[in-house]
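Undergrad: Protein chains in written order, with our numbering: chain A, 1 to 721; chain B, 1 to 721.
None of these hints come from the bench; they were simulated from the model. Worth double-checking, as some hints may not be accurate.
Identical chains share a label here; the pair holds if one copy fits it or two copies do between them.
[Unchecked claim] Derived DMTMM-like pairs (lysine to aspartate or glutamate); straight-line CA-CA distance at most 25 Å:
(1) Lys-147 <-> Glu-191
(2) Lys-710 <-> Glu-186
(3) Lys-679 <-> Glu-188
(4) Lys-695 <-> Glu-378
(5) Lys-498 <-> Asp-375
(6) Lys-679 <-> Glu-186
(7) Lys-695 <-> Glu-186
(8) Lys-314 <-> Glu-696
(9) Lys-334 <-> Asp-131
(10) Lys-547 <-> Asp-694
(11) Lys-605 <-> Asp-248
(12) Lys-401 <-> Asp-332
(13) Lys-605 <-> Glu-620
(14) Lys-147 <-> Asp-35
What follows is each chain in one-letter form.
Protein chains: 2
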Amino acid sequence: MRSLKLLMVLIGTAPFTASALAKTPAHGRAWTLEDVLDAPEVTDLIRGIDAGSALYVVRAAAPSANEIRSTLYKYDPKERAPRKLLSAPAIEQLSREPNSLYYTALLNLGNGLQLYRIDDNGATTPLIVNDHPAVVGHACGAVYANKDSAPQNVGVLSYSWSPDGKWLWYAIPKPQAPSPMLFNQEVENMEWVGCNNGGTDVELRIRAANGADRLVTTRPRRDRAAFYFGGNVKWGEQNVLYRIETGDENAQNRAETINYNLTSGVSKESDLPPDESNQALSKPVDMHFETTGTGATRTLIEHIGAGKTLNRGKVNFSLGDVRAAGAWISRDGKVTIAGVREVDVPRYDLVRIDEKGSRLIGGEDSLTRCDFTSDLDEGFCIREGMNTPPELVHVLPASGKIDRLTAISPRHEEIAPLRVTPKIWTNRLGYVANGFIVWPRDYEAGHAYPAIIVTHGSDADQRFVAHFYQWEYPTQLFAEKGYIVIAMNDPSVRQSPKLMAAMDSWGSPHPSVSPSELRQLIYMNGVYSFEDAVKEMIAAGQVDPAKVGLAGYSRGSQMAQVTMTQSHMFRAASSGDGDFLDPASWWPGRTLYTSVFGGSPYDPKIDAYRELSPHLRAQEASGAMLQQIAHISAGEIHLHRAFEAAHVPTELTYYPGESPNNTETHVFHIPRNRLNAMKENLAWFDFWLLGKEDKELLPSERFASWEAMKASDSTLRAKRP
Amino acid sequence: MRSLKLLMVLIGTAPFTASALAKTPAHGRAWTLEDVLDAPEVTDLIRGIDAGSALYVVRAAAPSANEIRSTLYKYDPKERAPRKLLSAPAIEQLSREPNSLYYTALLNLGNGLQLYRIDDNGATTPLIVNDHPAVVGHACGAVYANKDSAPQNVGVLSYSWSPDGKWLWYAIPKPQAPSPMLFNQEVENMEWVGCNNGGTDVELRIRAANGADRLVTTRPRRDRAAFYFGGNVKWGEQNVLYRIETGDENAQNRAETINYNLTSGVSKESDLPPDESNQALSKPVDMHFETTGTGATRTLIEHIGAGKTLNRGKVNFSLGDVRAAGAWISRDGKVTIAGVREVDVPRYDLVRIDEKGSRLIGGEDSLTRCDFTSDLDEGFCIREGMNTPPELVHVLPASGKIDRLTAISPRHEEIAPLRVTPKIWTNRLGYVANGFIVWPRDYEAGHAYPAIIVTHGSDADQRFVAHFYQWEYPTQLFAEKGYIVIAMNDPSVRQSPKLMAAMDSWGSPHPSVSPSELRQLIYMNGVYSFEDAVKEMIAAGQVDPAKVGLAGYSRGSQMAQVTMTQSHMFRAASSGDGDFLDPASWWPGRTLYTSVFGGSPYDPKIDAYRELSPHLRAQEASGAMLQQIAHISAGEIHLHRAFEAAHVPTELTYYPGESPNNTETHVFHIPRNRLNAMKENLAWFDFWLLGKEDKELLPSERFASWEAMKASDSTLRAKRP
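Modelling step: build the complete structure from the supplied sequences, incorporating the hints.
TA: In structure tokens form, the structure reads like this:
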């Protein structure tokens, strides 16, 4: 894996700046917590106006300011190095302004997220400034949105230029006056957020070159196509196609395409059929390809109009994954390039599709952000992997040739790579799960090491310090400290129709799979994968069976909680911001719970809860449970109490928001919290798996309270493997 | 009842102002919603410095400003009328400054609640201004406190003057820096408030006449004696006795008395034993009397020192009720006057106790606020009743003579009184409940009227528009509209040792009464009282059995919810801000729930929940349920969902706070909310009991949604009496 990269460096064209040239040395330095904390994420990448240049936005923690900031860089082909243009708390939706010498982006320069024109030196001029922005984020009174950032004023939600640059389509929030009373469903909606949140409508608007500004339509906040993806339009000569969400509880991802006439200013239904795919809300209006099927039947499908499709052959990847690069259609419409996710080794490649067929572009790492010329003959991408800090590369799609241009974070390239082995595990039911083994820095065969499984759905993949995967579990530091880290995904439901049916039934009001089968396939299946993977490494003498832990946030927290009360293999777990399967959540979760348990926990006939709900299985717990949470929800507190009552070591830690009026986000965004949470995890596993107390990680009184738990630890009675 | 008052007016000494003289006319006007909304509450009363004068604070809604304000008045014996001195959002703890020409009070004049000197004309001078106040109230980040007001900055919590005016004792909050992480119990504490609230310590301080200021002690926020009653001290020549709370989960009301030496500045334990009475935290340090026993054994006890007591005889009242007037001890220590609550007809009188014995002072109405000269030979009180707007009276304790001086709210005296009948009901178990019947304005014997029970613990008593009793259920308007209102209290637990044992067991970790007996005595006992009272009036032809409703907030909401799922007598109910008996609240409420149900709702052996929890008895519901809430808690939402699923008409209405960052309070404090809630209740009962839709109360779409509920109303199947 490194050899290919080394080759690219050797053929890379001089002169790089010294730091950009500092490729991962064979004997670089070890990982630090700070490396994990401020690992860069490239959130936007576009071609520059001058040939060979590229602009990209790096989002990273600025620990000294205790905030996450975005920085806009320009890669200059003459200097062969990036240059910083500007920095702000938010830089989003970077774009070229057509037929101009400018770029545009949504920037928060202090008066909320607004649309600016940006010149080649990073100087900004406001283009659209909405003086009545909405506060968006996890705060009382804010418009709640699924973001991993501090609450911020948002003046402009999204935008799109017409190809000739004469029209500007954009979406803005229109905050609603607070309601003097809230009723029924409105009140129920508050149960999750916990306070009386604000409301807003979304205006889709269009501005002509002469400045004339028109309202296209007003949509309610619940229209996620408008709120999150309002700038997702297709420009015609005389019209614009845009999407609105029209689904209800039974059709959650349903988008209709509307045709807006630029001359008349009238919106009408388009002749495109409603889209009810999983990607309906986010996929480009003009995307004609999709992948369907499971396992051996996975196929690339082309929609050729009038509801007809063309089978373009078997493939081993998925289109439409939001983590993959976007999609581009050549000016003549004949070539499509789209980001895909690979099935076997989880990484993100590109597929180039033309009349003749399709071909993959990529390598062992991922291509996660890209932009291409209008005829798709060349472009730029960000390449990254579990062990590869993001770097800017040049891509020739026709040949698949990829050349490194520059480092994104030279500092992260100073780190000596850890050994990372892609892996596919088959469990006792025959289902496969994929992922990676990250080996201790000083691993030696013949020794048994402590091990930690880190899991979050399908997020163990070839990205660099992907917080969605490792959250505040610092995989790299675990490996530096001598743990084997098993980065394992859930068994992909796309491997079999039966798993897919179970997933489709999960939360469906009309499940096709019985609750007991669903529990087996969606939960126990994962437990078996964990257990069987560990058993294999124990059998190989690689893992010490007395020192195995498990960590996961969100979906991973479900798996951590379920596994700890089903398996006797794990001595300690860390569960991140997850609240699920608590019977007390029956009413808010009743459709989902019915699919999992078959009915209400208060129905005396139903004992399914006692089979799966961790809250009712404290006496089965096999080890210590740390819960790190961003949001107060009953399930986490109840689990803590149930474990405490059963003398299972349990620690419940809440990480607050910037102010009492807002919370931390599901993926933490406050650097101090992320650092503290990583330290707590390192200390937690060291304590329960290794019996170590590292006072540089936590104050003594924390260890003293854990010592007290250990003294009355009922899980010591548990059978061990 | 009115005749006595009329007599007082006739002998009253001219000249009253015209409005103050406007006594309740025989044919006054009818009640309006506004009358209920801005009904005055006198929160403080003291003697003035010039003989015969009195100062008092009136707290009332200012609907035009949508806030509650306090106004300080001085009654001038020469003018025989009150004069307004000042008005502010908060005026608390009005006091005379000893040996001066001034008064003092905590005022919020814009920079938080601080201590001011007030002169005879209402001019103010700051005495203690704490520049680092704490926000106190129901807001995220605020110090949570049991108040019925908007969150406000509090600089000074409480204070007390030494009798010579040379020392000033006071308590201030010391807000704590927010914690970067919260653990375990701290996290559990957030489940109720729902957000990361602020913390504070409490400093008890003392200031000498020369301005020298000393810290006496710092107490944690959880010390309620310090936080709420820090100014409750007893001054000696060389010392101050003060109280601190030292109880834990098993001794919730436990106060110790500490002796502070004015010379040395040192605090030491006093020789007073710890107090573990129900009034331990609030009762005056030097109060030597208490009432004990139940039913026929109810006795006045005098503590005569060294742990010894003197039996002062059987009494028919309770000392120490926080709704009664306070307590005063004469300068020579020989006479005590204290506010009491009567056992039979719930009202507040005074008891005067000396060596010879005790005598009651009062009448048919209540004396709720008082102040007396230092030898207790004369004083002022506020007299009020269900039908009597508050008025200032002059009291001669030795003779019991009471003379009216002036109206507090002349406008409310223009209302023609409704007929109010005190009543004691005995239910099928033999337990008595007391309260009042409020008759329709145009009641005629021989007709059957619709009826509504309004209940809240023991708050149906002789106070004027007591919000703790009638909350947002406008008793007076119901009567004006033709309903009989049954204002009924819970059966008093003081009537029998068995009921007292049940109450003591309710929530105790060591209950002496079985869960099934507790459910019978604490819940079903009340249901039987309601049913039997209504049956009696149905039998007498006074109540129409098809038109009976029930309303209560808090404890009353428990009774409303239980009754609606146990009895078939009630066609509609309104439940105010109450969340209880939901099995999903097992973990936060497990001690209490264990006393009520015997264990966890998830224990398959336990079916007690299905016997009592309204959430599991939706199929037994007898009528429509309106829940008006100030705070999002799961139990209310779950009940709504359970009723909705069973096609029981159910409406869940949330009344927001002033801003998204704070909530309404348990007793509403925002006039607009109180008005809207009263209108909603009037409309609710009119709709479900009488089939009327009053469009002046609510918009049409509300009635339309209720019509839709009525169309699928499953409770129409319920058996009716």
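Undergrad: Would you mind marking each hint as holding or not holding in the structure?
TA: Here's how the hints hold up against the structure:
no. : hint                : verdict
1   : Lys-147 <-> Glu-191 : both (19 Å within a copy, 23 Å between copies)
2   : Lys-710 <-> Glu-186 : between (45 Å within a copy, 21 Å between copies)
3   : Lys-679 <-> Glu-188 : between (37 Å within a copy, 23 Å between copies)
4   : Lys-695 <-> Glu-378 : neither (53 Å within a copy, 68 Å between copies)
5   : Lys-498 <-> Asp-375 : neither (42 Å within a copy, 89 Å between copies)
6   : Lys-679 <-> Glu-186 : between (39 Å within a copy, 20 Å between copies)
7   : Lys-695 <-> Glu-186 : between (48 Å within a copy, 23 Å between copies)
8   : Lys-314 <-> Glu-696 : neither (54 Å within a copy, 67 Å between copies)
9   : Lys-334 <-> Asp-131 : neither (43 Å within a copy, 71 Å between copies)
10  : Lys-547 <-> Asp-694 : within (17 Å within a copy, 70 Å between copies)
11  : Lys-605 <-> Asp-248 : neither (32 Å within a copy, 40 Å between copies)
12  : Lys-401 <-> Asp-332 : within (23 Å within a copy, 103 Å between copies)
13  : Lys-605 <-> Glu-620 : both (22 Å within a copy, 20 Å between copies)
14  : Lys-147 <-> Asp-35  : within (23 Å within a copy, 48 Å between copies)
Of the numbered hints given earlier, the model fails hints 4, 5, 8, 9 and 11; all others are met.
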